[in-house]
Structures are given as C-alpha cells and as structure tokens.
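Enquirer: Residues per chain, in single letters:
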Amino acid sequence: MTSAAPGDLAATAPLLEAVNVTKSYGPRRSFGPRPAVLALDNVSMQVHAGDRLAIVGESGSGKSTLARLFLALEEPTAGEIRFEGATLDLRRGAELANLRRAVQIVFQDPMGSLDPRMSIGESVAEPLRALRIAGDHKARVDELLNAVGLSSSAARRYPHQFSGGQRQRIAIARALAPRPRVLVADEAVSALDVSVRAQVLNLIDDLVDRFGLTLVFISHDLAVVRHLCTRVAVLYRGHLVEQGPAEQIYQSPRHAYTRALLQAVPRLAGPPPRELAATATHAPPPQPGTRPPGS
Amino acid sequence: MRTAPFVSTAPALLEVRRLSVNLGPVPVLSDVSFTVSAGERVGLIGESGSGKSVTALAVIGLLPEEMSATGQVRFDGEQLLSTSERRLSELRGNRISMVFQEPMSALNPLMRVGKQVGEVLRVHRGLRRAQARARAVELLARVGLDDAGHQARAFPHQLSGGQRQRVMLAMAVACGPSLVLADEPTTALDVTVQAQVLVELRQLVDEEQSSLVLISHDLAVVSSLCDRLLVMYGGRVVESGATAELLARPRHPYTAGLVATSGAVSPDRARDGRALPAIAGTVPELGSFPTGCVFRSRCDRADEHCELPPVLAGGDHQVACWHPHTHDAFGGPLETPAPGGATVDSGAPR
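So the protein sequences, as listed, match chains A and B.
Following the working numbering, the numbering of the first sequence begins with 37 at its first residue and continues without gaps.
Following the working numbering, the numbering of the second sequence begins with 0 at its first residue and continues without gaps.
Hints are computed from structural coordinates only; laboratory data are not their basis.
Just so you know, these numbers come straight off a predicted model, no measurement behind them.
Some hints here could point you the wrong way.
[As the list claims (entries may be wrong)] A few chain B residues facing chain A, derived, Cβ under 10 Å:
(1) Val25
(2) Gly160
(3) Thr191
(4) Pro266
(5) Pro283
[Said to hold, decoys possible] A few chain B residues that don't get close to chain A, going by computed Cβ distances all over 12 Å:
(6) Asp30
(7) Leu62
(8) Gln71
(9) Leu80
(10) Ser104
(11) Ala129
(12) Asp267
(13) Arg297
Just so you know, even glycine gets a beta-carbon here, dropped at the ideal spot from N, CA and C.
Turn these sequences into a full structure, and let the hints guide you.
Expert: In structure tokens form, the structure reads like this:
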C-alpha cells in the first residue's frame, strides 16, 4: 500500500471515491444570461479494488465528467475525489504521478486518441516515457501488443493502417502499459461494428481477470453493461439516481428512470415499440444544467 | 393496423434488380436484388462497408458523383436509375422520402423548422404560405413534438437531437409517401429517445400505409420493426427472409454470428462470465473483400468451394452460401460447423 493513511484505514478505504462531488462549468456566479451548467450535483460513489463498476446514463448525464474527475484531468467544483483514501490535489505533483500510473483510460474513438504521426510502438510506449517508468520499453510493447491479440510487427505501423477494432486494441494496450490498477473505459466499444464489438468486450473481460484490474465501464448501453459488470451506478442529469449490485439493478430497479432506461433498450425480436409506447418516458431528454423535478 | 406477419402477395412497389455500384474500379455494391411490397417494412442490416447506405442512396438517386450504378431500380413500375433529375426531384420528398442519421446536417440551420416542413408541401403540393404553415404545425404535433405551434418557430440548433429527428420524420411523411427510406434514424439518439422515435416512425408508416426500408447496424432495432430482413455484407445481400424465421434459423454463417452476438448481449441476460460468441477477424476495407464469397476471409466454414461467388437462392428464405447452417424441423439449435466445412449441405445453392 502506498497510501499515506494508516494501515488499518487503507485496508478498508475504497480505491477511488467521489465524495459529495459537484462539478459545474461556466461562470462561477450564475447571473447573466447563461447560468453555470451543473454537470454533476452532489454525487458520491466508491470504487473498490476488484470492482467491475458500470456508470450508465444518457448524454448530459455527467458520466464522462465523472471519468475526467476520477482521472484528475479536472477538479471538482465542490466535494472531493479520493484515491486510496487520500484527497486528490491537482497541485501536488507526486501524488498525481502515482494516480496517473494507477488509473488509465480508454476512450470511444481511438482515432482521436492515437497520434497519427506516431508509430504504434511509440504510442504504446509513450506512457512509459511520460511517467518515467524504467525498463526495456521495447519488450514491454511487444508483450502488450500480444496481450491484446496483435502481433509484434504492429509496433512499426501507424494508426491509419488498422481497422477500428484493432485501433481500440492498441488504445487498450497503451492504457495497460504503466500497469494500472484501474481501467476506465469511456464508451470504449460504442463506435465498433457489431461483429467486432464482441471481440473487444471479450478482450476487456479477459484482461480485467488476467491482470486483476478494477474496471470502471462508462456506457449508455445497458445490454453490454450487464454482460461485463457486477455493479451499476445510474446517472441522470448529473444526479446519481440509483446504484447497487448489477443483478439488483436489472431485476428490481427502484428508480423510475432506471426502469425507463431498461425498458427502452431494443431487444432482439422483442416486443414491438408500440407496446413500449405506454411505458416509455415522455420526459424531455436530459439537458445538462437543468434540474429534474423531484430529484 | 396490422397484427399478423406481413405476407407479400401484392406486386412490388420497389424492385431492385442486379444493382451494382462502383467507385472508380472498386465495387461498392454487387448484384443486389430485392423487392419491397406496398405497406411492407423491410430491414437492411449490415456493418460499415456493407453497402446498406449506398443501396438507399442509389434508390433515391443521390449517389455521390464519383459513383456509378448499373442494374435496375423500379419504383411503381418506373425505372429510376435512368430517369431524369427533374423527375427524381418530383418523386423525392413526395412519393419517396428519406430520413438520415444526423438531422443536424440534413436540416437547414438558417430556416425555422416549421418553414422547412412547410417547404415540402409548397414544392410538391403547391400549398400557399399560410396553408403550409398550418399544415406543418399539424405534422409536427403528429410526430410527438410538444407545443408544436411554438416549436415550429425554432431553429434546428434550438432543438434536441430527438426533436430534430422528429422534424425529419414530419418532413418525410408530409406528402404521404409510398416509400420511406430511413438510414440509421435513431443511431445518434439516446436510448430512451430512440425507443420513442421508433414508436413514432412505426405509427407514421402504419397510418400512411407507406412501405419502410429501415437501415441499421443494430439487429435488435430492425427486428422489432420490420417484417422482413436483408442481411448485407461486403456490398452483397448474403441472406434474406422473414424476421422471425431469420432470427430463429439463420443460415448464413455471418447472420448466425450476428444473431448469436446480439442475443448474448442483452439486458435480460445475466452475466455468466463466459466469453461472447464473436465473429473472427475484422470487416475488410472497401475494395479488399475477398473474391468469391465476400465473407470467406472470416468464415469458419470456408473451403475451396467458396472461391466461387455463391448465388443468393432459395424461396422465401434466401441465402448466398456454399455451406449454410441447417436446422431441424423443430427449429432446434444450430449444428456444430463441420470441421473444415468438408460437407456441403443438401440445401446449398450450386
């Protein structure tokens, strides 16, 4: 344990924790024509070692904002993010370096996160250099590419020479390079073709087991989440409306929004949408910055 | 309102025969043939590069200039591929309409949405300004836009994605079209909004008795709405049949893989820790699909037969495969693939 907290506390403390986190964008005081946009409103969430936590919600729910806070890419407006029990402070470099190593992210679009002018080998080794991790980087890149199902020769090629699914494998290899403890996947399979999506889901599933990773899987897709995750947190317009074990959320969802979300997922030869019409929510789509009534 | 599965006995409203589209020397569509009967809802399913969007663009005469089409597209007896742009303009938005994935790029950002809906009626029905305005508000209300009179005065950027797509639906059905082509109409929308827009799309085509061609990568979306499915891969139709039949007894290895994957990823299926059934490999780039059967580079049944292109054959349930899956009479589970695909099933087209 590298935590500064006393040993007995560190054993019980969650790996990552959001404590009463609020995040707003825009002007600090909300006078004038444009009030601040409230992306997250008083959200508390714990990620324990070994969790497979899904954060689900639609656009504007605040799920990606929460990911950015967990990665210390931004600071909360109020509340705090704790890593191994210690409050994150973006001004303290040493702590931050520790977090950067331990928490890595895979984004939706690998074309946007891989530098087109860097070879795959350079891209995958980049976090090792940036975090000043010693060792044989070339051997590590080989090992990583093989772990995600690519051959070592991929290291000499460039992003445009790969398909979408292969690029996502590369992005995963790069995220795993510094041997993180937490893998955050933000809509990591949403842009993939159906036939390729299953391969990448199997890969993530496999790697999480093999490397004992803690998974934070951010998605709008409740079908994929049920396959991959054991715990689910549902966000709606910046509010955490429900969280719990996956089976509980899927079998007896308590919040009306969770039920609406589950009902709305298209099913293979499921009931025609007409039957859904009566139950589907007719609330306007979630807009950041507005408070839903009664939550 | 229909309850029983659609049985096509009427003459085809749309008949596509041996449609091929090339981008320079690169084939984009090869020998695509299918029909859509009046009132029928047909799903076109495929991944990127399958040619499903190009098929729709060829039908409606909006192929990019650098693409050239051969074959036949007959709409209500009229050959569309060779008809004039003027005639196509008369048909588009009137008897055939199209809904695109991204309404933000299909709508004019500088025109109020009510006026855009009304424009369709002014052009095709010769309505006067005030009539068109009133009718546009009715249409917007019909597609589920709250406070349509007020929203008609909004510009596209002032609406949400779901509201914009409803405006597109209102434009598409304004003239009571015989055929609506919808290309991934809900892919860019949130899940709950998608469910609502699909309900509205279905109600509209029911009320107008329009035929629908729904294009999607999502088998669950098309299967919930369509009577019949066409599965496309590599610019070809590889399988077609009634939705229930195709889902219960997929014959093409690609369809079987899609059905298995889509069925295994479901909110109703508890996590069991097992790997998902996956289709090996990746979708080749345009122009690098294999010769012969386009799927053979990813197929576990492929052998030397597959170097020749299979023909789409069969009755109501057609498949283009040398080694299709067979099913017992009770719709039992798939047999395991023959090792190396050594045997040719009796039902295979030769």
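Enquirer: Confirm or reject each hint.
Expert: To see whether the hints hold, each was checked on the structure:
no. : hint   : verdict
1   : Val25  : violated (17 Å)
2   : Gly160 : holds (7 Å)
3   : Thr191 : holds (4 Å)
4   : Pro266 : holds (5 Å)
5   : Pro283 : holds (8 Å)
6   : Asp30  : holds (22 Å)
7   : Leu62  : holds (23 Å)
8   : Gln71  : holds (30 Å)
9   : Leu80  : holds (29 Å)
10  : Ser104 : holds (18 Å)
11  : Ala129 : holds (30 Å)
12  : Asp267 : violated (7 Å)
13  : Arg297 : violated (8 Å)
In this structure, the hints that do not hold are numbers 1, 12 and 13, in rising order.
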